[in-house]
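S.K.: Using the sequences plus the hints, can you model the full thing?
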Amino acid sequence: MLAPATDEALLRRVERFIYREARLQDEHRYEDWEHLWADDAIYWVPANGADIDPEQQMSIIYDNRSRIGVRVRQLLTGKRYTQEPKSSIRHFVTNIEIVGRSGADIAAACNVMVYESNLRGETIWAARTDYTLREADGALKMARKKVALVNNDKPLYTLSFLI
Amino acid sequence: MNLSVQPTDLSDRIRGEHIHGSLYTDPAVFQEELEKIWYRTWVYVGHESEVPETNDFVLKSIGPQPVIMTRGADGEVHLLQNRCPHRGNQVCTRAKGNARRFTCPFHNWTFENDGRLAAYAFPEGYADRDMSELGLGRVPRVASYRGFVFGSFAGTGPTLADHLGGAAETIDRLCEHSPEGEVELTAGFLQHRVKANWKFVLENETDGYHPAFVHASIFKVAESGLGGLYGDRSTALTRDFGNGHTEIDLRPEFRRLDRPMGWFGTTPEKLPDYASAMAAAHGADKAREIMIDGTPHVMIFPNLFIAEIQIFVIQPRAVDDTVQHVTALQLKGGREMNRRLRQQTMGSVGPAGFLLADDSEMYERTHRGVQSLQPEWLFLGRGDHRERRDADGYMVAHATDEVPSRGIWQHYRRLMEAA
Ligand code: FES
Ligand SMILES: [Fe+2]
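One line per chain: the protein sequences are A and B, in this order.
The first sequence begins at 1 in my numbering and counts up by one.
The second sequence begins at 1 in my numbering and counts up by one.
Treat the hints loosely; a few may be bogus.
[Unchecked claim] DSS-like mimics (lysine-lysine), calculated; alpha carbons at most 30 Å apart, straight line: (1) B/K195 to A/K86; (2) A/K79 to B/K195; (3) A/K146 to B/K286; (4) B/K270 to B/K195; (5) B/K220 to B/K195; (6) A/K154 to B/K332; (7) A/K79 to A/K146; (8) A/K154 to B/K270.
[Stated by the list, open to error] Below, a sample of chain A positions facing chain B; criterion: calculated Cβ distance under 8 Å: (9) M58; (10) T77; (11) K154; (12) Y157.
Simulated from the structure, these hints should not be mistaken for laboratory data.
Beta carbons are placed, not taken as given, at the ideal position from N, Cα and C, and that holds for glycine.
M.R.: What follows is the structure, given as structure tokens:
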């Protein structure tokens, strides 16, 4: 079990990181967003609950680092039609906490709501997001990000912006 | 042909290769489809591997209707309606589980997992009335083919074998890829919702004209051999099996390339256990043929799409609300293959998939597009000058031709014109 963090300065840094990630996503700054990932990263959006085994069960996204790169490069082609025109989105991030530390890894969690407007209409997404952040060269990187949508056991519209 | 007069009669909205746009958007047509297609013909419901143990159950659907698929104490698969015969409450609210009985929470009536009423609370209130008829509603006909379970709300009609016709062979072709001759659906489903009519989804599954364009973005960034299969010079074929079943037959292209496991972007050397299990099961020559040909790309009307590495189940919920339930195919005895099948499926399909997110965008834009008034008709004549009968008598044409859509609409018309 990781020890609870009490370091206010670290919490501020983590908050700034998460807010910046949200802004890069909102602004579709795909390459800047890709730079936030560590080399061995996992980007995971489970389906059918928050605690399935992604090695056995289907997830909405279960990207290793190289597949994160494919995802970004596909968006950059300008022919990822589900994002051309791009969804207009805003992430609202709250309840940020540091929930554990282990060596260089910082476990943080928050609640996220995303308002999306696109050709279909407006969609609201809500999730619990867990991060594993890692200090590398004086900056934080995402080693793992898990986005557990509250309704991931129900039929979902296309989710093609960066959540 | 005069196409300018707004047709009102349903059968007048299909004129050869011209389809009236209102067939996708008219709520009255949707209601009639429920009655004449979804609640009459054979509809795929689930796979036996989803209820492997006695008393397993899983919530499935036939069109908008929820259906509980159970494995009864008798070992048989049953399809039950999720509606209490007392006052209509839903008796099952869990997506899956294991239960010998279902208890309605409203007044505690209890049902066996084959639907029979087992007990009811405070029985004195019913004196000596015969309650035996008050079980859960059942889908009257249930039949399965190689583990694929279908249901029909019509008490009588063609058998499942009649319905599948020549398309049954595509399911055989799929199962051959398992060294044990069976596929399993054990990885759980993604549910991808689109604000579009179900027939856009149905037709697109065997539309070989769109991939070069809709999927250009992923073909460009991921080294995928898929692009060439759907090019102008591809030797792949579209085929109409009749009864609305259609396929894109990629085998001519894979046979030309002559690379075992090339269909899956790999080689037998990288899957040594699988390759030797296949050789043991089929003999070396036949195993090589199977591994060259690859799995089928077939749309079993109206809702089962076997898409090489995954299956989609199309569920219409309203005229403009369709859900695709999708999961990776798993090959029994093919452990080495199964993780890759899951990984590739997760990358390609579902709400965030590299392929399906763009298909779904097209469904929704098309659904909005056909609501513009002019021109009223869609044109599905591509390749009619080069379609021909194959050795089995099925209509085939180039991979990018609209033989499948024409076949689907012919069958649709027959079903919808029936009394
Ligand atoms: S509605 Fe089910 S017991 Fe009354
Ligand atoms: Fe497609």
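S.K.: If a hint holds in the structure, say so; if it doesn't, say that too.
M.R.: So, going through the hints one by one against the coordinates:
1. B/K195 to A/K86: Roughly 18 Å separates the two Cα atoms, so the pair holds.
2. A/K79 to B/K195: Between A/K79 and B/K195 the Cα gap is close to 21 Å, so the pair holds against 30 Å.
3. A/K146 to B/K286: violated (44 Å)
4. B/K270 to B/K195: This hinted pair is violated, its Cα atoms lying about 41 Å apart.
5. B/K220 to B/K195: holds (28 Å)
6. A/K154 to B/K332: Distance of about 28 Å is within 30 Å: holds.
7. A/K79 to A/K146: Holds, at about 27 Å.
8. A/K154 to B/K270: This hinted pair is violated, its Cα atoms lying about 37 Å apart.
9. M58: holds (5 Å)
10. T77: OK, holds: A/T77 within 8 Å of chain B, min 4 Å.
11. K154: holds (7 Å)
12. Y157: holds (5 Å)
The structure is inconsistent with the numbered hints 3, 4, 8, although it conforms to all the rest.
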